[in-house]
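Place chain B on chain A using the hints.
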Amino acid sequence: MGAKMVNFGGWDMPVEYSGIMAEHLAVRTAAGLFDVSHMGEIEIQGPEAIALVQHVTSNDAWKLVDGQIQYSGLMTDAGTFVDDILVHRFAAWHYFLCVNAANQDGDYEHIAENNRFGVQVDNVGERYSQLAIQGPRAKEILARLTPVALDGIRYYHFSRGPVDGVECLIARTGYTGEDGFEIYFSPEHTERLWNRLLDAGSAQGLTPCGLGARNTLRLEAGMCLYGNEIDRTTTVWEANLGWICKMEKGLFLGHDALARQQAAGLERILVGFEMADRLIARDGYPVFSGGREVGRVTSGSPAPFLKKNIGMAYVPYDLRTPGTELHIGVRGQKAAARVVKLPFYKRAK
Amino acid sequence: MYPAKFKYSQEHEWVSLEGQTATIGITDYAQNSLGDVVFVELPKVGAKFSAGQTIGTVESVKAVSEIYTPVTIEITEVNGALAGAPEQLNKDPHGTAWLVKGKASNAGELAKLMDAAAYEAFIAAKEKEAGH
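Which chain is which? The protein sequence lines are A and B, in order. When we follow the numbering used here, the leftmost residue of the first sequence carries the number 157, and every step to the right adds one. When we follow the numbering used here, the leftmost residue of the second sequence carries the number 1013, and every step to the right adds one.
Bear in mind the hints are in silico, worked out from the structure with no lab data behind them. Treat the numbers as computed from the prediction; the structure is a model and nothing was measured. Not one of these hints is a red herring.
Which chain B residues stay away from chain A? Per the calculated CB distances, all over 12 angstroms, these:
hint: 1; residue: 1029
hint: 2; residue: 1089
hint: 3; residue: 1118
hint: 4; residue: 1119
hint: 5; residue: 1126
Pairs of lysine to aspartate or glutamate residues, derived as DMTMM-like cross-links and limited to a Cα-Cα distance of at most 25 angstroms, are as follows:
hint: 6; chain 1: A; residue 1: 464; chain 2: B; residue 2: 1053
hint: 7; chain 1: A; residue 1: 490; chain 2: B; residue 2: 1078
hint: 8; chain 1: A; residue 1: 402; chain 2: A; residue 2: 265
hint: 9; chain 1: B; residue 1: 1138; chain 2: A; residue 2: 168
In this text, a Cβ means the ideal position worked out from N, Cα and C, and glycines have one as well.
For reference, chain A alone in the conformation it holds in the complex (with noise of 0.2 angstroms):
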């Protein structure tokens, strides 16, 4: 396919095909097609799941109703993200978390050693092979792959049911800010879906995409990367994921933590920047206010759609409000941004 590969975190994975900047900008205007089989999975059964499911997270699971989903965080006991993740429920007993690739290991062992209620957990990441459709045409391309009604599927919900005849979890969540879907399969079938989804889409503009238009996808709708803005040292209100924060839920691993910084107040904050000119914020960058360095770049690259240079960075608290200046150090030159709100981009509806 003319990928261009790179070893990610033991995968082998295409970092653009075509071009990162073609196919960001397919995504935002026809479709894309990403292999995200690398993501692992996690299934929780049995009569006391729920409980599990609300122990060790940050959203409200009691929320939900068979066949909807919710993003949440898979919490320390500090209040500090273990993984980022998407619980889906099947049923009041059964539930299905897609997590991060490079975390599913330490998600199985987290939520394992945590697991006193006698639920039963299995690392299924084996078992499911992932791609994902994205785009304002997504559906329609879809659509012809399966007798399944999608304009049913509402967004943060799923359905199951063939995609060319092959048994599917079909989600409508996304990593892109786009509309689109998720599927969920047996692996065997993962090449053959790859290209009777690329041929099916083909007259719609629908273009294979990589690691690298992920990430710029996914920074411009101002989403989380874990290991760049959330980690097991960044609590839920400091990288501003308060809405999937959900106290009143009751007691869950970290929720103590949580309220006592909830009452001291922050000292830093995630926040985003917008660049005032030409010159590139990066991952990692050196960020100044009133010529004292006060963080760093969690996440910075153009945002190719926006035809701006953006980024994520964790500021004190009281530097948090959209116009407030800062400097980033990019090559030892301090160049001018300032905060914007979150997020960047937002699809119209």
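This is chain B only, laid out in the frame that chain A set:
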């Protein structure tokens, strides 16, 4: 593919010498590895560099790469077109997307660089190493 009249560095720059004027660019291999170029930072006219020093940077969407001069040079001209159209570096790295021109007089430095055939062998070995 790789012009016979150029000499090549291990950092994937090319040099073309006409009289005392050297022209420097990056190779097709370099632009292909970088991906879509979004920004090129070039030195000022009059700046002087020894062989091997950093004279600027090329940025793609995903990476920043320094440009090293293969020869000792005093910059007399920079390619202004790249400021407004950095993507030209992907399209024509050996031609219209040259980076700088300058006075270079150390012929011995040129002799240390690779000719086109040696450079092609060099990058073929790199691709093999990377398992492509």
